[in-house]
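Listed below, chain by chain, are the residues.
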Amino acid sequence: MNEILQIVLNSIFICLTSTTIATLFGVPIGLIMGMSTKRWIIKIRPIISSLAGLPPVLAGITIFLLLSNAGPLGSYRLLYTHTAIISAQVLIVLPLIIASVYPLVLPIKSSFLETCYGLHISNVKQLKYLVNELRYGILAAILIGFGRAMAEVGAVMMVGGNIRYKTRVMTTAIVLETNQGNYKTALILGVFLLFISFGINFIVHSVFKEVNHDSL
Amino acid sequence: MHAKINMKQFIFIVLCLVLTACSNQSIEKVEPINLRLTTTTSVNDSGLMEYLRPFILEDLNMNLEIVSLGSGAAIEAGQRGDADVLLVHSPSAEKTFVEEGYGLKRSTFMYNFFVIVGPEEYKEEFKNLSAMNAFLLIYKNYPFISRGDNSGTHNKEKNIWKSTELDYVVVSQDTSFYYSSGSGMGDTLIMASEKQAFTLTDLSTFLSMKDKLDLEVIIDSSNDLINDYSIIVINPDKVENVNSEAALMFEEWMLSEKALNLISEYGKEEYNQSLFFTY
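Heads up: the sequence lines are chains R and H, in that order. Just so you know, the working numbering puts 215 at position 204 of the first sequence, and the rest follows in order with no gaps. Just so you know, the working numbering puts 1378 at position 67 of the second sequence, and the rest follows in order with no gaps.
Any given hint could be a false lead.
Between beta-carbon pairs, the in silico distance windows are [stated by the list, open to error]:
hint, chain 1, residue 1, chain 2, residue 2, range
1, H, Glu1361, R, Ile155, 41 to 49 Å
2, H, Tyr1362, R, Ala151, 26 to 34 Å
3, R, Ser208, H, Asp1485, 27 to 35 Å
Everything labelled a hint here was simulated from the structure, so no lab data went into it. C-beta atoms are modelled at their ideal positions from N, C-alpha and C, and glycine is treated no differently.
Full structure from sequences and hints, please.
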């Protein structure tokens, strides 16, 4: 039981870290991409969207080759560590968040820009107002990102190595139990995973409701 | 109009040709029997079964459907009726399996050696050690990667730790040197190479990956590294829907002189050494 708890906490820690990093970069980038009228930015939108569908194993192998002994960052000895898993997850989640955030801006763009010009609002403040305006959509994007991070198996297995007490997370533990024929334990872990997802979604949604005094 | 009739005739002739061609084929050949063989990853990765497959098809008119799993999962698959016959290497788990009535028959028919692999620089230090003494030297001194998946290889490793009279549970929880990868042999070898650590592996998997790994064989052919493989025919009285007739035919063939000769020849061409030895 103790070990399962450790695996659960490990998963939550890793996924929260990677989602936070991806959010800190992804949300501003997404908003700027949505607001921008520069042609090259509009042109790279489809690239970002298709990266959101990036096969996770591709992210995994990229990080693996970067961090492996023979790779450019090999001397830092980061393969099979939390850092490796978090990097791979950021690579998977970041484009997903950007691609979910920028379309939110498009429908309100012209009216929002008009108001801003009228009131002489600075660029930084514009971002702040935009976040407030689009908070539900952004929250949904972050939760999708978090869910994606929690659900990832292949890339995490590749760069984390599923090392017991170190880099074993819920999904890789499920694969291991299944490979050993312990279907019951695998299923229990799966149900755990589902409930954690439920829990986090409920907490975030209820916090939002309170802050905004929603009637729902 | 004229052309249309010609087209119809043409299609008719083609159809006739296709149908006769099909029926001819099915008359010539009796459909081969399918046998569901679940084997360990080490046997499958070595390519042994693919090498034997055409001989089995010819002699028994039998088509092998091979699923490769760790020994633990292979035995579980046997209990669930997902396999007709098992080819595994986990003696203690096999014995329990047969004692519980799931196995009709268990024949140990071939073996090879596990080897301890590690960074080349330690070759001198470990020279002429038995596996047990090598494990004692590794303990707390050098990083060691374990399969950690209850596979045959993992069970062998546990037995060697037990022979050192160290408590395996304590050893396996000592994260200062012991890494439990919970992965297959290939992934574990890659990890050992990346971390420049020691690990226990079957020779065939190691040889098939050697050029991608920065590892050398440190200990081989020590008597405590022998690796027995057995065939287990699933008991049809205990497990439903298994084809035990075909399984028994397969078992008999695998124990025949012809098969044993083929097995001991395997690997000589590619690696200049046999990968499996027969009893």
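Tyr1362 (chain H) versus Ala151 (chain R) beta-carbon gap, inside 26 to 34 Å or not: Distance hint for Tyr1362 (chain H), Ala151 (chain R) is violated at roughly 54 Å.
Tell me if the beta carbons of Ser208 (chain R) and Asp1485 (chain H) are separated by a distance inside 27 to 35 Å. Between Ser208 (chain R) and Asp1485 (chain H), where Cβ atoms are some 34 Å apart, the hint holds.
Kindly confirm whether 41 to 49 Å is satisfied by the beta carbon distance between Glu1361 (chain H) and Ile155 (chain R). Holds: the Cβ-Cβ distance is about 43 Å, inside 41 to 49 Å.
Hint 2 from the earlier list is the only one contradicted by this structure; the remaining hints agree with it.
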